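Just so you know, the protein sequences line up as chains A and B, in that order. The end of the first sequence is residue 167 by the numbering used here, with every number in the run present. The end of the second sequence is residue 100 by the numbering used here, with every number in the run present.
Hints listed in this document are in silico derivations from the structure and should not be mistaken for laboratory results. If you're wondering where the values come from, they're calculated on a predicted model, not measured in any experiment. Built from N, CA and C at the ideal position, the CB exists for glycine as well. No false leads were slipped in.
Taking lysine to aspartate or glutamate pairs in the EDC-like style, the calculated list, with each CA pair at most 16 Å apart, reads:
#1 LYS4/A with GLU48/B
#2 LYS139/A with ASP92/B
#3 LYS140/A with ASP92/B
#4 LYS140/A with ASP75/A
#5 LYS140/A with GLU91/B
#6 LYS121/A with GLU89/A
#7 LYS55/A with GLU91/B
#8 LYS5/A with GLU48/B
#9 LYS140/A with GLU89/B
Sample of chain B residues facing chain A (criterion: CB under 8 Å; computed from the structure):
#10 LEU55
#11 TYR56
#12 VAL60
#13 MET66
#14 PHE71
#15 LEU73
#16 ALA74
#17 PRO75
#18 THR76
#19 ARG80
#20 VAL85
#21 VAL90
#22 LEU93
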Amino acid sequence: MKKRHYISLAILLAGFLASAAVLRHPRQLPLEECSPEYLRYKDAPGIRASFVKNFPINDTLAVNVLLLEATSDSAFCALLRDFGEAEDLINLYITNRELFVGEDVNAIEVFCIDKNDTKKHLPRATPGSRLVIGSYKKKSLCVFNVEEKSIKDLISLTHIQNLKL
Amino acid sequence: MNNRNDKKADRVAATVDRLRGFDSRRLQCEMTDGLAEWHRRRAEGVRNRRLYLLSVAIALLMVSCSFQLAPTLNYRLADGVSYQEVEDLTNHVLGK
Numbered sequence: 003m004k005k006r007h008y009i010s011l012a013i014l015l016a017g018f019l020a021s022a023a024v025l026r027h028p029r030q031l032p033l034e035e036c037s038p039e040y041l042r043y044k045d046a047p048g049i050r051a052s053f054v055k056n057f058p059i060n061d062t063l064a065v066n067v068l069l070l071e072a073t074s075d076s077a078f079c080a081l082l083r084d085f086g087e088a089e090d091l092i093n094l095y096i097t098n099r100e101l102f103v104g105e106d107v108n109a110i111e112v113f114c115i116d117k118n119d120t121k122k123h124l125p126r127a128t129p130g131s132r133l134v135i136g137s138y139k140k141k142s143l144c145v146f147n148v149e150e151k152s153i154k155d156l157i158s159l160t161h162i163q164n165l166k167l
Numbered sequence: 005m006n007n008r009n010d011k012k013a014d015r016v017a018a019t020v021d022r023l024r025g026f027d028s029r030r031l032q033c034e035m036t037d038g039l040a041e042w043h044r045r046r047a048e049g050v051r052n053r054r055l056y057l058l059s060v061a062i063a064l065l066m067v068s069c070s071f072q073l074a075p076t077l078n079y080r081l082a083d084g085v086s087y088q089e090v091e092d093l094t095n096h097v098l099g100k
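Bound-form chain A, shown alone:
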C-alpha cells in the first residue's frame, strides 16, 4: 500500500469514528424547551427531575410533562411544601403513613398551581395555572404543562377513568 492509501484510510476512519460518536451521543431535548420548574429541580438534591415533551396521555392528546421523583421521604415532604401542600397534611403523611400508602391505599393528589409560583394553588379554570398530580406511593409529582381548562379536565378524566376502585 502506498502513502496515499494510508491517508485515505485515515480520513475514512475519522469519518467512521465521527459518525459513531454522533450516533452514540445522546441528543437530549435542549434546556430552552424544558419548563422553568425542570430547570429549578434538575440539580436539586434528593429529587430526580425528568421532562418529557409531548407525552401521550391518550390516543389523541400529548402534553409536556415534568416528573419529579423524590428519593426520600424528607425530599418528598420538601417537594410537597414547594408545591403549596398544607403543612397539616404533610404532618399527617409523616405520622400516619398508612393513611396514604398501603396495600389497598394509594393516595393521589390533584391540584392546579400558578405557573409563576408553584406554592400558589389556583382553581382549574384560572388561566396560567398548571395541573399537578402526585402519588404518595411513588413519592412523585407530575406537572402537566397545560393551560387550557379543557385539556386539564381531559387529563383528570383520564386519571379518574383509570383509577382502580
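Starting from the known structure of chain A, arrange chain B on it as the hints suggest.
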C-alpha cells in the same frame, strides 16, 4: 585585485570546458526524461487528490447520514433514569 581576476578567469575557463564537452543528444534525453518525470508526478498528484477528495466525501456522507439516523430525543431525564421508568411512573400517576 589579482585574486578576483584569477577567480573570474577560472570560471570562464570552466564554462569553456563545459561548452567543449556539450552533447546535444544527451541534453535532449535528459530533458525528455525530466518532462516524463514531471508528467508522471503530475498524474500521480491528480490521482492522490482524487482519492483524498473521494475519501473526504465518503466521510462527510457517513457523518451526515448518522445525523439523519440519530434519533432526536424529546425528553431530558435525570441521571440513572430511563425513559421507560419515566413513562411507567407517569402512567402510574395517571392511574394507568
